[in-house]
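Engineer: As a plain string of letters, each chain reads:
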Amino acid sequence: MDIKHIVEAILFAAHRPMSVKQIQQVFPELEQPELTEIQTAIDAIIDDYRPHPIELKLIASGYRFQVKAELSPWVARLFEEKPPKYSRALMETLAIIAYRQPVTRGDIEDIRGVSVSSSIIQTLLEREWIKVIGQKPVPGRPSLYGTSKQFLDYFNLSTLTELPTLEEIHSLNESIADNPTPQASRENPQTTT
Amino acid sequence: MDIKHIVEAILFAAHRPMSVKQIQQVFPELEQPELTEIQTAIDAIIDDYRPHPIELKLIASGYRFQVKAELSPWVARLFEEKPPKYSRALMETLAIIAYRQPVTRGDIEDIRGVSVSSSIIQTLLEREWIKVIGQKPVPGRPSLYGTSKQFLDYFNLSTLTELPTLEEIHSLNESIADNPTPQASRENPQTTT
Amino acid sequence: MDAIAILPTLATVNGALVHTLPDDLYIPPDALEVLLDTFEGPLDLLLYLIKRQNLDIINIPIAQITQQYIAYIQLMGVLNINMAAEYLLMAALLAEIKSRMLLPRQPDIQAEEEDPRATLIRRLQEYECIKNVAEQIDALPRMERELFSTLVDVSTLSVAQPLPELPLQDLLLAFQAVLKRVDQHSHHQITQEPLSVRERMTHILDTLNSVDSCIFSQLFRQIEGRAGVVVTFLAILELGKEALIEIIQIEPYSELRVKAI
Numbered sequence: 001m002d003i004k005h006i007v008e009a010i011l012f013a014a015h016r017p018m019s020v021k022q023i024q025q026v027f028p029e030l031e032q033p034e035l036t037e038i039q040t041a042i043d044a045i046i047d048d049y050r051p052h053p054i055e056l057k058l059i060a061s062g063y064r065f066q067v068k069a070e071l072s073p074w075v076a077r078l079f080e081e082k083p084p085k086y087s088r089a090l091m092e093t094l095a096i097i098a099y100r101q102p103v104t105r106g107d108i109e110d111i112r113g114v115s116v117s118s119s120i121i122q123t124l125l126e127r128e129w130i131k132v133i134g135q136k137p138v139p140g141r142p143s144l145y146g147t148s149k150q151f152l153d154y155f156n157l158s159t160l161t162e163l164p165t166l167e168e169i170h171s172l173n174e175s176i177a178d179n180p181t182p183q184a185s186r187e188n189p190q191t192t193t
Numbered sequence: 001m002d003i004k005h006i007v008e009a010i011l012f013a014a015h016r017p018m019s020v021k022q023i024q025q026v027f028p029e030l031e032q033p034e035l036t037e038i039q040t041a042i043d044a045i046i047d048d049y050r051p052h053p054i055e056l057k058l059i060a061s062g063y064r065f066q067v068k069a070e071l072s073p074w075v076a077r078l079f080e081e082k083p084p085k086y087s088r089a090l091m092e093t094l095a096i097i098a099y100r101q102p103v104t105r106g107d108i109e110d111i112r113g114v115s116v117s118s119s120i121i122q123t124l125l126e127r128e129w130i131k132v133i134g135q136k137p138v139p140g141r142p143s144l145y146g147t148s149k150q151f152l153d154y155f156n157l158s159t160l161t162e163l164p165t166l167e168e169i170h171s172l173n174e175s176i177a178d179n180p181t182p183q184a185s186r187e188n189p190q191t192t193t
Numbered sequence: 001m002d003a004i005a006i007l008p009t010l011a012t013v014n015g016a017l018v019h020t021l022p023d024d025l026y027i028p029p030d031a032l033e034v035l036l037d038t039f040e041g042p043l044d045l046l047l048y049l050i051k052r053q054n055l056d057i058i059n060i061p062i063a064q065i066t067q068q069y070i071a072y073i074q075l076m077g078v079l080n081i082n083m084a085a086e087y088l089l090m091a092a093l094l095a096e097i098k099s100r101m102l103l104p105r106q107p108d109i110q111a112e113e114e115d116p117r118a119t120l121i122r123r124l125q126e127y128e129c130i131k132n133v134a135e136q137i138d139a140l141p142r143m144e145r146e147l148f149s150t151l152v153d154v155s156t157l158s159v160a161q162p163l164p165e166l167p168l169q170d171l172l173l174a175f176q177a178v179l180k181r182v183d184q185h186s187h188h189q190i191t192q193e194p195l196s197v198r199e200r201m202t203h204i205l206d207t208l209n210s211v212d213s214c215i216f217s218q219l220f221r222q223i224e225g226r227a228g229v230v231v232t233f234l235a236i237l238e239l240g241k242e243a244l245i246e247i248i249q250i251e252p253y254s255e256l257r258v259k260a261i
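Residue numbers (the working numbering), protein chains in the order written: chain A, 1 to 193; chain B, 1 to 193; chain C, 1 to 261.
For reference, chain A alone in the conformation it holds in the complex:
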């Protein structure tokens, strides 16, 4: 049986994202194709499905078939439950962990300026979007958090570099340097209403 046919069946039957290596392992031991052959098959399948409402997409844990986003208005109606919504606090905590990992809870609190509730960390751990990747070697040995493949999978990304770009903080020092007497402008509330 032709490799592409089998790879397609495996991807549909797996019900989870499959890496090229994992696909290879599904083949009977003595008939495992080369990884490049599997990759070629995958590329061909991706092409095959272009006219269809589903797509084979590479995300962090591998390839998965998913319904294309443009069909969501129809497909969403299949499910009575509304998709889960996440609070700003949770999304900000997640963003800090994603961009600043590895971070401790204290680091997150420093950036957000408020304490982080345990339930947020708990929710993120339960969703397996974040994981404990170590302990910081300071008193109390706080947990260091990082994001997981499941986080990328859920947000349809294959690597962290696909996340929105974080604007770098560059203007601060120059601005202060350019502004030798900040007091003057500070005490000049030109925009007061």
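Do not rely on the hints blindly, as some may be mistaken.
Pairs of lysine to aspartate or glutamate residues, derived as DMTMM-like cross-links and limited to a Cα-Cα distance of at most 20 Å, are as follows [stated by the list, open to error]:
#, chain 1, residue 1, chain 2, residue 2
1, A, Lys82, C, Asp138
2, B, Lys68, B, Glu37
3, B, Lys4, A, Glu55
4, B, Lys57, C, Asp153
5, C, Lys131, A, Asp110
6, B, Lys57, B, Asp43
7, B, Lys68, C, Glu165
8, A, Lys4, A, Glu29
9, B, Lys85, C, Glu224
10, A, Lys136, A, Asp110
11, B, Lys82, C, Glu165
12, B, Lys149, C, Asp206
13, A, Lys85, C, Asp138
14, A, Lys68, A, Asp48
15, C, Lys131, A, Glu162
16, B, Lys21, B, Glu31
17, B, Lys68, A, Asp48
18, C, Lys131, A, Glu167
19, A, Lys82, B, Glu29
20, A, Lys149, A, Glu167
21, A, Lys85, C, Glu86
22, B, Lys136, C, Asp206
23, C, Lys180, B, Asp107
24, C, Lys241, B, Asp107
25, A, Lys68, B, Asp107
26, A, Lys68, C, Asp170
27, A, Lys68, C, Asp138
28, A, Lys4, B, Asp48
29, C, Lys180, B, Glu167
30, B, Lys149, C, Glu224
31, A, Lys149, A, Glu162
32, B, Lys4, A, Asp48
33, B, Lys68, A, Asp2
34, A, Lys57, A, Asp43
35, A, Lys4, B, Glu55
36, A, Lys82, C, Asp153
37, C, Lys180, B, Glu109
38, A, Lys131, A, Asp107
39, C, Lys259, C, Asp212
40, A, Lys68, B, Glu167
What the hints contain is simulated information worked out from the structure, not anything from laboratory work. Quick caveat, the model's predicted, so the values are computed rather than measured.
Chain A is already provided as a structure; the job is to place chains B and C on it using the hints.
Structural biologist: Here is chains B and C on its own, set in the frame of chain A:
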């Protein structure tokens, strides 16, 4: 968007078989196609997938995509689980049948002091380690069980007499006998007999 | 700096009814709603105050912002919004920065310790960046909302599950446990026919199962020698004793027949 495209997406995303009527209901109220239009779309999708390893099939409760049965050998390894372990009750039942054959279920229950579940007997019969070798001529004519050739083969014995005698069983290495986890004895099978 | 009377009675503070908001507080008509929709923290509140007035973070007018900030947290207190200590801490920091700026500059000291205003600006900037990307991540297409997994049924596939292994050792230990239990309740006894006899009993019954009856002598096989004959004979006797077979002689001196009951 074209009806066939939407129907295909619905069938892939629904986690249950979908009847033509149910598919119609997924469309927003004012945009619901006629049932015949949906049926036409379904027929076209069925045709589309003929060369693929999956098929759109009508079963009692509606249409669903399923992996073609002929792919079974190729995707089987996706579903292989670690084999379960046999219960203590099953092992005791098998040992009693081996040493006391021919025996009825009642005999086994008398010796074990507890009832023997049908599923244990069933499992042993399915595994072909035991077989029904007759009925006891008492009311109810209960089945008489004995061990099979497959039982001897599995345990690499040529006759039952190669099993330890009751005295030998009694004096099986105590340290292992007292070990509550059978795994431990599995790891060092050399230490007894 | 018009305060807008939003409610006839805004709140009760120390027993006195509050009808108007503090004078120095600029509140656009939709602000109260925003206010009630709790901020994510003091940095968030500060950012809100700055952005609302189109101010640049770098050049925030500390005195003005401090006033507004304090007015807001007073209002939040008045409205019984559960206020975290962080809000008060920020108020203290703002007050400190403000008071510092009223003092003559002391370049020597400033060089040694970090300017608290610069620190605050950096924190505001960093928080703003995170707030922005968090919003962007929230807008990414994601599973369950824009993207849906496909489900293709696999129940019709035939998959042979590997069967459990059973080491002989485990089987024997299980039997040992049975024997120990039986010994303890000695009303039962496991008799000690040799296994060869029990095996032969099964074999004979198995044979008789497929035929109606068979001739006694057919059950013996010469090739097994004397020991085999003895085992078979004991097995037949045991089967007879347990009433599992019938040994029949149709007429005197005729061949014995054995029959499963």
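Engineer: The structure should be examined with respect to each hint, and the outcome stated for every one.
Structural biologist: Now the hints, each set against the structure:
no. : hint                     : verdict
1   : Lys82(A) with Asp138(C)  : 16 Å, holds
2   : Lys68(B) with Glu37(B)   : 26 Å, violated
3   : Lys4(B) with Glu55(A)    : 16 Å, holds
4   : Lys57(B) with Asp153(C)  : 10 Å, holds
5   : Lys131(C) with Asp110(A) : 14 Å, holds
6   : Lys57(B) with Asp43(B)   : 10 Å, holds
7   : Lys68(B) with Glu165(C)  : 31 Å, violated
8   : Lys4(A) with Glu29(A)    : 17 Å, holds
9   : Lys85(B) with Glu224(C)  : 39 Å, violated
10  : Lys136(A) with Asp110(A) : 16 Å, holds
11  : Lys82(B) with Glu165(C)  : 11 Å, holds
12  : Lys149(B) with Asp206(C) : 12 Å, holds
13  : Lys85(A) with Asp138(C)  : 9 Å, holds
14  : Lys68(A) with Asp48(A)   : 14 Å, holds
15  : Lys131(C) with Glu162(A) : 18 Å, holds
16  : Lys21(B) with Glu31(B)   : 14 Å, holds
17  : Lys68(B) with Asp48(A)   : 18 Å, holds
18  : Lys131(C) with Glu167(A) : 11 Å, holds
19  : Lys82(A) with Glu29(B)   : 19 Å, holds
20  : Lys149(A) with Glu167(A) : 24 Å, violated
21  : Lys85(A) with Glu86(C)   : 26 Å, violated
22  : Lys136(B) with Asp206(C) : 13 Å, holds
23  : Lys180(C) with Asp107(B) : 17 Å, holds
24  : Lys241(C) with Asp107(B) : 15 Å, holds
25  : Lys68(A) with Asp107(B)  : 63 Å, violated
26  : Lys68(A) with Asp170(C)  : 53 Å, violated
27  : Lys68(A) with Asp138(C)  : 18 Å, holds
28  : Lys4(A) with Asp48(B)    : 17 Å, holds
29  : Lys180(C) with Glu167(B) : 12 Å, holds
30  : Lys149(B) with Glu224(C) : 19 Å, holds
31  : Lys149(A) with Glu162(A) : 13 Å, holds
32  : Lys4(B) with Asp48(A)    : 17 Å, holds
33  : Lys68(B) with Asp2(A)    : 14 Å, holds
34  : Lys57(A) with Asp43(A)   : 10 Å, holds
35  : Lys4(A) with Glu55(B)    : 16 Å, holds
36  : Lys82(A) with Asp153(C)  : 24 Å, violated
37  : Lys180(C) with Glu109(B) : 15 Å, holds
38  : Lys131(A) with Asp107(A) : 16 Å, holds
39  : Lys259(C) with Asp212(C) : 7 Å, holds
40  : Lys68(A) with Glu167(B)  : 70 Å, violated
The structure fails to meet hints 2, 7, 9, 20, 21, 25, 26, 36 and 40 from the earlier list, while all remaining hints are met.
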